[in-house]
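*Asks:* Sequences listed follow chains C and V, in order. Each residue of the first sequence is one higher than the last, beginning at 1 in this note's numbering. Each residue of the second sequence is one higher than the last, beginning at 228 in this note's numbering.
In short, the hints are calculated from the structure, not lab data. Ideal placement from N, C-alpha and C gives every residue a C-beta, glycine not left out. Honestly, I wouldn't trust all of these hints.
What the hints assert, rightly or not - Okay, derived cross-link-like pairs now, DSSO-like style, lysine-lysine, Cα gap no bigger than 27 Å in a straight line:
no., chain 1, residue 1, chain 2, residue 2
1, C, 205, V, 294
2, C, 105, V, 294
3, V, 294, C, 190
Unchecked claim - Computed footprint of chain V on chain C, listed as stretches where at least three residues anywhere in the stretch have a Cβ under 8 Å from a Cβ of chain V:
no., region
4, 66-74
5, 116-122
6, 160-169
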Amino acid sequence: MADEVKTPVPPEGEGKPAAEKPQAPDKPAAPAVAKPTTAPDAKPAAPTAAKPAAPAKPAGPVPVPWESPMVEKLRRQYGSGLEAQTYLGQNYLRVDRSTIPNILKQLCDEEQFGYCVDVTAVHYPKRERQFDVIWILYSFAKNERMRVKTEIKDGESIPSSASIWPGTNWLEREVFDMFGIKFDGHPDMKRILLPDGWKGHPLRKDYGIIQQDQEWVQINLGIESGQ
Amino acid sequence: MNDPTLVSRLDLDTPEKTYLDANELILNMGPQHPATHGVLRVILRLDGEKVLGLECVIGYLHRGVEKIAEHRTYTMFNPYVDRMDYVAAVSNGLGYCEAVEKLLNIEAPARANYIRVILTELNRIASHQLWLGTHALDIGAMTPLFYTFRDREEILKIFEKYCGARLTTHAFRIGGCQYETYDGFEKDVKKFVAFVAPKIDEYEELLTTNRIWVERTKNVGTISAKDCIALGVTGPVLRASGVKWDLRKAQPYAVYKQFQFDVPTGQNGDTYDRYLVRMAEMRQSLRIIQQAVDGIPEGPIMAKVSKVMKPAIGEIYHSIEAPKGELGYFIVSDGSTQPYRVRVRPPSFVNLQALDLMCRGQLVADVIAVIGTLDIVLGEVDR
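The following block holds chain C by itself, in its conformation from the complex (with noise of 0.2 Å):
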């Protein structure tokens, strides 16, 4: 288990497409599309849950279009290549990489976004394009929460939007000590958590839950890892 890569596959033998993962960008409006968060019976029924080839399970809940003025002018101004979803009554943008950071420059300055709450990545390392790279904004004046989210490949860096909220400036540095995305034009590009020789980037689905650098913990601590 330790060493397990995993990445997200559709569970087998359930011929639904309405529990597409919800980057899959065809198929928003699949034939059982009921509002997420009013579907009443979406859980997973108790004892059918580990039984994928089950039958009777009802749907998952599914990514609906995500329709609003917002999301019409973003349309219009940067084109197909945004989906907008909303999974679970959360909204969310699939962007493309060369739109950041203009895109969350104008939801921060003309949607009112004002505030970062988190910057955050995730690994998928059997795709082509490995990183989500993901910004959580909320806005005080709406009271609303949106995700940004854009594909990048390994290796490849992405612009900072340190300039827009200066408060990514840390998340960014833990996203790059995590992943080892890097953020062009950050002004401190630099570890955060782990210490600044460590090797590896730990939340790569590739490092091993236990695996550590142990030519720095020899050399800092006078220590064998115990590994």
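Got chain C; can you put chain V on it based on the hints?
*Replies:* Just chain V now, kept in the frame of chain C:
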């Protein structure tokens, strides 16, 4: 919000002005320093006693909680979250359980939610009491520590009777509560509310008009609402700067919608206002507890949850108002029994970022006051 000067002020290498007699001194504080409330290292750049800038070095308590989560099932990871903000473990558990419940698209029953609210608010008081005691101790007032720890003990006793643990409680389960309340739980809680209300007045008597306290806290570590929002600072720090924003009101979770309470705010955004806001918050928490314990319904304490949890593929962000600010969980499910990714958005980590801005132009002794007033827990900063 896009003030470029704010960004450059955060950058340690570009001082805002040069001094003619620039005897710049670099002073290291910590990592083992009693006033940093844990293992926090602060590198101060000083001009005499005046702070020109500082840099925080963190990570001494890093345990890789987010990595661990990827190798545990949803249920197995639950106790780990208590170890982040260990003085407010109940809040951490609440945030995590609610996030997974949202991902599973289930809801905890009403009785469970009432128990959750009571314990979470008790924990908020305990967290604020610990903050007050240690913060006052840092500034030089030793007495409040004994008062607050004496009273915090009563809360920990209730926790101990409820779930057997005092700090890392693991009180909640995904789908409801771990345990039914013990006989006399309501009585104990009511007794505590009656007991602690006059004690909070007592703390205020010791400090609010105390000249030394006022001198040490007024106009110290001032931060404006605009800077707070730009830096993502939340919780009592944001409210003391005048922003009336509390997730319990803005985006109510659990059953907070049903309770009457106010969101206390300050105006000046200084250490003294943050002190007043937290004192007022304790009183509001007591109001919530009183209403919750009076209205606690009968019924089940667990929703129907399968033993093997396999949330549908997707992702969720859920956040709650922890004693320190917005505590969020971003969970990605790949349809298996283990989360594909768990991201914790810790309030302490983000709030600590404001330390540099708040300390500029202050004296070295004020750095201690500002670290205290930010109310950080290093277990949560480093995870």
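*Asks:* Find the hints from earlier in the document that the structure breaks and name them by number, from lowest to highest.
*Replies:* 2, 4
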